[in-house]
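Here is how the chains run, residue by residue.
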Amino acid sequence: MAEVTVGGLRFHVQRLGPEGGVPVVFLHGLIMDNLSSWFFTAAPKVAAQQPVLLYDLRGHGKSERPATGYGVPDMVADLCGILDESLPADQRVELVGNSFGGLLALAFALARPERVRGLCLVDGQVHDEAFGPEMEASLGLEGRERDEMIARSFKDWLGRHSERKRNRLARNASELVHGTSLVRDIAHSAPPSAEDVGRVSCPVLALYGEHSDVRERGEDLAARLPNAQLEIIEGCTHSLLWEQTAQLEQRVLAWVGREPGPGEED
Amino acid sequence: MSDTLQTVGRMIQEVIGDDWDLDQAITTETSFGDDLELESIEFVSLAEALKEEYGAEVDFVGWLSTKELDEIIKLKVGDVVEFIDLCRSSN
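Each protein sequence line maps, in turn, to chains H and E. Just so you know, the first sequence maps onto residues 1 to 266 in the working numbering. Just so you know, the second sequence maps onto residues 1001 to 1091 in the working numbering.
No lab work stands behind these hints, which were simulated from the structure alone. We treat Cβ as the ideally placed atom computed from N, Cα and C, and that holds for glycine. It cannot be assumed that every hint is accurate.
[To be verified] Once the Cα atoms are required to be at most 27 angstroms apart in a straight line, the calculated DSSO-like pairs of lysine-lysine come out as: (1) E:1074 to H:45; (2) E:1051 to E:1074; (3) E:1067 to H:45; (4) E:1067 to E:1051.
[As the list claims (entries may be wrong)] Stretches of chain E that chain H covers, calculated by requiring three or more beta carbons in the stretch to come under 8 angstroms of a beta carbon on chain H: (5) 1004 to 1017; (6) 1030 to 1043.
[Unchecked claim] Computed list of chain E residues with no C-beta within reach of chain H, every gap over 12 angstroms: (7) 1023; (8) 1048; (9) 1049; (10) 1055; (11) 1059; (12) 1060; (13) 1061; (14) 1078; (15) 1079; (16) 1082; (17) 1085; (18) 1086; (19) 1088; (20) 1089; (21) 1090.
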């Protein structure tokens, strides 16, 4: 397995595509997700035109699962470390984040603006004051209620599953939620201020599902970002990556391959 | 059984590891999703194993880039074997 070690933790990474060009880094969602959701959708298509870097967030997929250290700043530091290990120090990247991956992409752009050429948020979670408490409430459930929530939210691209596989996946998710400090750490990560968000000057494409429960906050976020363009994908929910896969892939492909804007350099 | 099928079958068993059902025979008709219940992250490991085995000769990711998600979900072992044989015969 291809790995990069950052801060003593092993991360599962996949690098695809050519050597030259602006690298595109894909970020996946929380708990049930891992790099495979991008590996089997937009990543190979983007890799046909420019370099691609995928990795499993700490605790997810095949990356190491420490007991603690899951705050947003920790995950930003992970991404910094992985880029430092994988790319030249001055190489700017395009970040494409799904759900929590979108939140992380924006946090990274705030922490390391010199590293970011552009962002694409795919129904990106919005880190406002309500995000932490809401997440803690939905993932902090116990017993049967918790298992039902995990079963409901579970979506693997391979679709149908036997009881055995479903249980295995739910158990894995449950271990992440209850065996680590992930929920507490993310819930207690300080959201960026309005001034911070106003400082993100790179181009941002914000894609939200028409019926997504995050849409309103996504629209608000896009309005506060100085250089964002908002697009609503008709008929979709928060799972737009799975509901309009081909359309989304085309949109991402065009976005990350766009020409530099006036005054921009690659 | 063709050599390629045998190689791919061995890789699948390695990827699935301890969860492998010893009674399960892998044929060209075996599907990754419905039959093997391969998790998507395990399928990534299989792609990596293919790259290690065949190198640049077999561009599995390039092949995936030509496919829609629905097609990938329905892939059978025989589709991958056929693709590998095609790449190797044209080189």
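Status of the hints after comparison with the structure:
As the CA atoms of residue 1074 of chain E and residue 45 of chain H are separated by approximately 19 angstroms, the hinted pair is consistent with the 27 angstroms bound. The suggested pairing of residue 1051 of chain E with residue 1074 of chain E holds, with an alpha-carbon distance near 21 angstroms, which does not exceed 27 angstroms. For the hint linking residue 1067 of chain E to residue 45 of chain H, the alpha-carbon distance of about 9 angstroms falls within 27 angstroms, and the restraint holds. Distance restraint check for residue 1067 of chain E and residue 1051 of chain E: the Cα-Cα separation of roughly 18 angstroms lies within the 27 angstroms cut-off, and the hinted pair is therefore satisfied.
Using a Cβ-Cβ cut-off of 8 angstroms, 0 residues of the stretch 1004 to 1017 of chain E lie near chain H, which falls short of the minimum of three, so the contact claim is violated. Three residues within the 8 angstroms Cβ limit are the bar, and the stretch 1030 to 1043 of chain E against chain H gives 9, so the coverage statement holds. Every C-beta of chain H lies more than 12 angstroms from that of residue 1023 of chain E, the closest at about 14 angstroms, which supports listing it as non-interface. Its closest Cβ contact with chain H, about 7 angstroms, brings residue 1048 of chain E to no more than 12 angstroms, contrary to its assignment away from the interface.
The claim that residue 1049 of chain E lies off the interface is violated: its Cβ sits roughly 10 angstroms from the closest Cβ of chain H, which falls inside the 12 angstroms cut-off. With a closest Cβ-Cβ approach of about 15 angstroms to chain H, residue 1055 of chain E is found to remain outside the 12 angstroms limit, as its non-interface label requires. Look at residue 1059 of chain E: its CB is around 10 angstroms from the nearest CB on chain H, not clear of 12 angstroms, so calling it non-interface is violated. Annotated as non-interface, residue 1060 of chain E brings its C-beta within 12 angstroms of a C-beta of chain H; the closest such distance is 9 angstroms.
Remark: the non-interface label on residue 1061 of chain E conflicts with the geometry, its nearest Cβ contact in chain H lying 5 angstroms away (cut-off 12 angstroms). The Cβ of residue 1078 of chain E lies farther than 12 angstroms from every Cβ of chain H, with a closest approach of about 18 angstroms, so its non-interface assignment holds. Every CB of chain H is more than 12 angstroms from the CB of residue 1079 of chain E (nearest about 14 angstroms), matching its label as outside the interface. The claim that residue 1082 of chain E lies off the interface holds: its Cβ sits roughly 19 angstroms from the closest Cβ of chain H, which is beyond the 12 angstroms cut-off.
Every Cβ of chain H is farther than 12 angstroms from the Cβ of residue 1085 of chain E; the closest lies at roughly 21 angstroms, confirming the non-interface assignment. The Cβ of residue 1086 of chain E sits about 18 angstroms from the closest Cβ of chain H, beyond the 12 angstroms cut-off, so the non-interface label holds. No beta-carbon of chain H comes within 12 angstroms of the beta-carbon of residue 1088 of chain E; the shortest separation is about 20 angstroms. The beta carbon of residue 1089 of chain E is kept farther than 12 angstroms from every beta carbon of chain H, the shortest such distance being approximately 23 angstroms.
Interface exclusion of residue 1090 of chain E from chain H stands, the closest Cβ pair being 19 angstroms apart, more than 12 angstroms.
Hints 5, 8, 9, 11, 12 and 13, counting from the list given before, are not met by this structure.
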